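Kindly generate the complete structure, drawing on both the sequences and the hints.
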Amino acid sequence: MKSTVRHSARVRAVAGLAATLILSAAHIVMGNSTTESSDPFLWLEDVEGDKALTWVRAQNDRSLKQLTGDARFDRFYKAALAILEAKGRIPMGPLRDGWVYNFWQDDVNVRGLWRRATRESYDTPSPEWQTLLDLDELAKKEDRNWVWKGVSCVLPPGERCMVKLSNGGKDASIQREFDLAKREFVAGGFELPEAKADLTWKDKDTLIVATDWGVNSLTTSGYPFIVKEWKRGTPLNSAREIFRGTSEHVGVSPFSLEGVNGTQFLGISDAETFFTATYMALTPTGVAKMTLPPKASPRGLYGNELIFTIEQDWEIGGRKWAMGSLLSMPQSEVSKPNPSIRLVLAPGPRDSIEEVAVTGAGVLVAKYSNVRGQLERYTFDGKQWAGVRLPLNDTGAVGIATADPDETIAYATYTDFLQPTTLYATDVAAQKVAPIKAMPAKFDASKYVTEQFEATSKDGTKVPYFVVHPKGLKFDGQAPTVLYAYGGFQVSMTPAYSATIGQLWLDQGGVYVLANIRGGGEFGPAWHDAGLKTKRQVVYDDFIAVAEDLIQRKITSSPRLGIQGGSNGGLLMGVMLTQRPELFHAVNVQVPLLDMLRYHKLLAGASWIDEYGSPDVPAERAWLEKLSPYQNLVKRADFPVPYFETSTKDDRVHPGHARKYAAKLESLGMPFLYYENIDGGHSAAANQRERAKRAALEFTYFSQRLIDD
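FYI, the numbering for the sequence shown is 790 to 1498, going by my numbering.
Careful, some of the hints might be misleading.
[Said to hold, decoys possible] Below, simulated PhoX-like cross-link-like pairs (lysine-lysine); rule was C-alpha separation at most 25 Å, straight line:
no., residue 1, residue 2
1, Lys840, Lys1084
2, Lys929, Lys993
3, Lys1172, Lys1109
4, Lys1260, Lys1236
5, Lys1251, Lys1231
6, Lys1251, Lys1343
7, Lys1322, Lys1343
8, Lys938, Lys840
9, Lys993, Lys930
10, Lys876, Lys854
11, Lys1324, Lys1415
12, Lys1078, Lys1125
13, Lys1231, Lys1322
14, Lys1260, Lys1322
15, Lys1109, Lys1125
16, Lys953, Lys938
17, Lys840, Lys854
18, Lys993, Lys938
19, Lys938, Lys971
20, Lys953, Lys929
21, Lys1322, Lys1247
22, Lys876, Lys938
23, Lys1415, Lys1390
24, Lys991, Lys854
25, Lys991, Lys1078
26, Lys1343, Lys1247
Quick caveat, the hints were computed from the structure, so don't treat them as lab data. Since this is a predicted model, take the numbers as computed values, not measurements.
Written as structure tokens, this is what we have:
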């Protein structure tokens, strides 16, 4: 609920998040210079078109018959649903004004409850929850498939919030004003129609809004570029414009950083590209450009210091600051040409800063070294920053669950592949942590062990990866293995406990592998930058190197090796099908990009040009023609049977990518499985039941391909 900025464009895409187009035989002859007129499957880009949906339903029926007809599917589904709806899950959520807020879904509350408990009650084994909004009740009343998308609240002790809801899971959402005290929507209050909008509160009667204002108000990526100030009691169309970007940029959005005692820093991010932005401070006299490098991310306010990370090397005032550093400057100097810059933390070459949060007793930082987390606290004496390590386990993943600038208590988490997530109350001032909640174990982890290995990529780079396998595993190449990776947008893949993977895969005799390939952020911005645009082949070389290393160590072999990835990771899967199909026996392609010659014309695709390159730039197009899975798909005997997943409601990565690739496979007479969830958005799942179904389908597929075959 507290607003921080990691870069508005990056938040839109990743926010990752574990974590989402194509040809026929005629194009084999025509080569890679496919045009719209020569693409026989262009009609599949008509998302809700009758012809396209008829094709989708036919593919769903055929594929679901094979997967759900497997005796394991029902068992997997019930197990996954029990995990996802279990009452023993930790209710995570933001800390604000003495309350912990949480969004909760279970077998009764399918769409979910928004609720809160006092911090004192939250720390007990059985918190007393106050229900604020019942989405199931609201969806029934309004006949909408409402999916929770978050909330933005006025500064404490304010009682008003803007609740964000999506019909079916799309990124485009409505936003309505909600009264926390009365626990109801405000009659005649602020309300934004469906759009990919960003907003923040200036005060209890004023919103700063970037939304779809009508004709010529969106960028080519589909995001707003006009920011206005909207006063209570006035129509939206009368809002006063305070900043205008350009349609060629990715998007413009307001942001707010909250400090102690209700202090606030208001700003605007004008993202020229996905990774670069110009930041402006909103002042009483207007908009003032902030002195930050193009690749930077404001992180919070601590006292009078604005804290930020830089994702590029930066030279200013005769000093040089290394990319990946955490820095600060006085709020009063944010628009000066040569502000006083102070170093908070400079990570090493195998380090990364994953999370930063401000508390009343210091700044918490989740820092990773060789993909293993550490929790640190930093304080400022007016001249320099000093850090201290907090006593939290450092062999897995640490996270900052929530923090509040007015509280000296924050919440942190620890997890790894075999230890369920534990929530710690962190006394930041006293530098103490105490476990208060833990996820119950959902599989017998004592039977397994986690090891970290390194593969050597084609250019000699050492690429780490984790392997979770049974103790006493025979290294004879026969272990059915699923290898997962992402490799893009500076998103780090860190250790995480998954009861679903434990029960549906490890307990079936499988091995699970997580690869930390370039393109991610595991070793800071440089690890990401190494794979940008025409340099991207290193990302795929890294993944191939990990796969080959698994085989060389005789952990598995090609007939027993499956791979999985979603969104940008779905592109990774598509490239593997092009470059090394013989290396894998199962490929799960989730909400993918696959037509890299048209991706920039579909939905949010234009916002990712800084990651992939532009098909309109000759040198970059030449690379994309070699890369694009859709254009490079040809019939070959060593091709595995892939399984595609996407969603009709995905308004970020167009479902046409998966549709067209599958249609081309069909035209070539090559087998595949395909499932498109009609709802679900970019996650391809709008609620826990859909998530359970998706997990059951995936592991039924892997079982059929890697265990049965």
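Status of each hint after checking the structure:
no.: 1; hint: Lys840 <-> Lys1084; in the structure: violated (44 Å)
no.: 2; hint: Lys929 <-> Lys993; in the structure: violated (30 Å)
no.: 3; hint: Lys1172 <-> Lys1109; in the structure: holds (18 Å)
no.: 4; hint: Lys1260 <-> Lys1236; in the structure: holds (6 Å)
no.: 5; hint: Lys1251 <-> Lys1231; in the structure: violated (34 Å)
no.: 6; hint: Lys1251 <-> Lys1343; in the structure: holds (19 Å)
no.: 7; hint: Lys1322 <-> Lys1343; in the structure: violated (34 Å)
no.: 8; hint: Lys938 <-> Lys840; in the structure: violated (31 Å)
no.: 9; hint: Lys993 <-> Lys930; in the structure: violated (28 Å)
no.: 10; hint: Lys876 <-> Lys854; in the structure: violated (32 Å)
no.: 11; hint: Lys1324 <-> Lys1415; in the structure: holds (13 Å)
no.: 12; hint: Lys1078 <-> Lys1125; in the structure: holds (9 Å)
no.: 13; hint: Lys1231 <-> Lys1322; in the structure: violated (41 Å)
no.: 14; hint: Lys1260 <-> Lys1322; in the structure: violated (41 Å)
no.: 15; hint: Lys1109 <-> Lys1125; in the structure: holds (18 Å)
no.: 16; hint: Lys953 <-> Lys938; in the structure: holds (5 Å)
no.: 17; hint: Lys840 <-> Lys854; in the structure: holds (21 Å)
no.: 18; hint: Lys993 <-> Lys938; in the structure: holds (22 Å)
no.: 19; hint: Lys938 <-> Lys971; in the structure: holds (21 Å)
no.: 20; hint: Lys953 <-> Lys929; in the structure: holds (17 Å)
no.: 21; hint: Lys1322 <-> Lys1247; in the structure: holds (18 Å)
no.: 22; hint: Lys876 <-> Lys938; in the structure: holds (22 Å)
no.: 23; hint: Lys1415 <-> Lys1390; in the structure: holds (19 Å)
no.: 24; hint: Lys991 <-> Lys854; in the structure: violated (53 Å)
no.: 25; hint: Lys991 <-> Lys1078; in the structure: holds (18 Å)
no.: 26; hint: Lys1343 <-> Lys1247; in the structure: holds (20 Å)
Checked against the numbered hints given earlier, this structure breaks hints 1, 2, 5, 7, 8, 9, 10, 13, 14, 24; the rest are met.
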